[in-house]
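Visitor: The chain contents come next:
2 protein chains.
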Amino acid sequence: MKLNHRGLLIVLSGPSGVGKGTVRKALFNKKGHKFNYSVSMTTRRPRPGEVDGVDYFFVSREQFLKNIEEDKMLEWAEFVGNYYGTPKEAVDKLLDEGKEVVLEIEVEGALQVRAKMPEAVFIFIVPPEREVLYARLRSRGTEPKELIDQRIAKADREFLLAHKYDYIVVNDDVDKAAERIIAIIKAEHSKTERSIYKYMKIIGGEKDEE
Amino acid sequence: MKLNHRGLLIVLSGPSGVGKGTVRKALFNKKGHKFNYSVSMTTRRPRPGEVDGVDYFFVSREQFLKNIEEDKMLEWAEFVGNYYGTPKEAVDKLLDEGKEVVLEIEVEGALQVRAKMPEAVFIFIVPPEREVLYARLRSRGTEPKELIDQRIAKADREFLLAHKYDYIVVNDDVDKAAERIIAIIKAEHSKTERSIYKYMKIIGGEKDEE
Numbered sequence: 143m144k145l146n147h148r149g150l151l152i153v154l155s156g157p158s159g160v161g162k163g164t165v166r167k168a169l170f171n172k173k174g175h176k177f178n179y180s181v182s183m184t185t186r187r188p189r190p191g192e193v194d195g196v197d198y199f200f201v202s203r204e205q206f207l208k209n210i211e212e213d214k215m216l217e218w219a220e221f222v223g224n225y226y227g228t229p230k231e232a233v234d235k236l237l238d239e240g241k242e243v244v245l246e247i248e249v250e251g252a253l254q255v256r257a258k259m260p261e262a263v264f265i266f267i268v269p270p271e272r273e274v275l276y277a278r279l280r281s282r283g284t285e286p287k288e289l290i291d292q293r294i295a296k297a298d299r300e301f302l303l304a305h306k307y308d309y310i311v312v313n314d315d316v317d318k319a320a321e322r323i324i325a326i327i328k329a330e331h332s333k334t335e336r337s338i339y340k341y342m343k344i345i346g347g348e349k350d351e352e
Numbered sequence: 143m144k145l146n147h148r149g150l151l152i153v154l155s156g157p158s159g160v161g162k163g164t165v166r167k168a169l170f171n172k173k174g175h176k177f178n179y180s181v182s183m184t185t186r187r188p189r190p191g192e193v194d195g196v197d198y199f200f201v202s203r204e205q206f207l208k209n210i211e212e213d214k215m216l217e218w219a220e221f222v223g224n225y226y227g228t229p230k231e232a233v234d235k236l237l238d239e240g241k242e243v244v245l246e247i248e249v250e251g252a253l254q255v256r257a258k259m260p261e262a263v264f265i266f267i268v269p270p271e272r273e274v275l276y277a278r279l280r281s282r283g284t285e286p287k288e289l290i291d292q293r294i295a296k297a298d299r300e301f302l303l304a305h306k307y308d309y310i311v312v313n314d315d316v317d318k319a320a321e322r323i324i325a326i327i328k329a330e331h332s333k334t335e336r337s338i339y340k341y342m343k344i345i346g347g348e349k350d351e352e
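For the protein sequence lines, the chains are A and B, in the order given. Note that the first sequence covers residues 143 to 352 in the numbering used here. Note that the second sequence covers residues 143 to 352 in the numbering used here.
Just chain A, same shape as in the assembly (with noise of 0.2 Å):
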């Protein structure tokens, strides 16, 4: 029964570049909707103009680790010696207080989220053509060539893991992007799986107090 009040959880992801955090934040400011972000953890340095606690949560590579092993990270990587993940406490508490909650996350950190919370929905950002998503990271002057190109060489590996997602969004522009996540988040609350316990309060003559 409690898991059908349980909130919806949103995983974006997409390969790096792919423009996930921009996504997110039109799909947080669209109108008559209430998101919760469950803020990342991560061990590398924040770029210029980035918050602790608002962009990631910078902690060291010694808490991290310490995370891992005491099972408290939902999902995790390591990626060009830094690590990332989702600590999990705070995704389950908003869940079974009923809120959706949106992971913006990278590919083989969904993949875990898959494995963990199948129930979710898995939606693959996407660039409108590969070379634009080339441009975006080369274009990225806080990093060094090596570095680009290893992003570009995940990028090219993560493109052919879009059939392990409920849905491909493309993201060529975003305000439409974000629109196709709202009619998909919209869609799912009415999936029968998800909508069957409302219905049959309904048919049973129980009026619903939503």
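Warning: the hint list may mix true and false statements.
Copies of the same chain are indistinguishable here, so a pair counts whether it falls within one copy or spans any two.
Stated by the list, open to error - Calculated pairs, DSSO-like style, for lysine-lysine (alpha carbon to alpha carbon, straight line, at most 27 Å):
no., residue 1, residue 2
1, K167, K230
2, K318, K340
3, K340, K167
4, K296, K235
Source of the hints: derived by calculation from the structure; they are not laboratory data.
Starting from the known structure of chain A, fit chain B onto it as the hints suggest.
Guide: For chain B alone, kept in the frame of chain A given last:
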């Protein structure tokens, strides 16, 4: 390959009296969406105001039975002495042209379509309360009490078939119900199994011609 360019078949169904026709009309009036409606065929007499070829194709019992024999019906059902069904050819033609086709049909017929075209999207429309549906059925002045009682009994049996559908949409408000269906259709277009061909073209470097 052809399959991927085929239009989406959307099946709106639900117990008699739930307002399928009204919801379908509201859906078709939504701006920015182009749907094709497949007109059903029936042997029942037109109600006041109903137009042949618009509300239904009104045909003789003989003609209808001939169509069934010649496998020209996508689905059909007999209800209180009359036949209702969907001519197959028109639907196939529209889908082959890549168009969105909406069927508004009885529960029995919807399950026949499910067996023949499992790739279609099946939406079960339900009333906000069971009594709302009973009241609607009772208020149809054109039908004798006996027929209304039969419809109510049938609705009660059909309520138990919701789990055979992909989505449950509550018709608490016609416009809201239509909005939920729009979201479902948009989301279905983003579903990985429907969009992976288009996606592979993007990733393969081919520009999308749409």
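Visitor: Against this structure, judge whether each hint is valid.
Guide: Tested hints:
| no. | hint | verdict |
| --- | --- | --- |
| 1 | K167 / K230 | within (22 Å within a copy, 45 Å between copies) |
| 2 | K318 / K340 | between (31 Å within a copy, 17 Å between copies) |
| 3 | K340 / K167 | between (31 Å within a copy, 26 Å between copies) |
| 4 | K296 / K235 | neither (33 Å within a copy, 43 Å between copies) |
Comparing the model with each earlier hint shows a violation of hint 4 alone; every other hint is respected.
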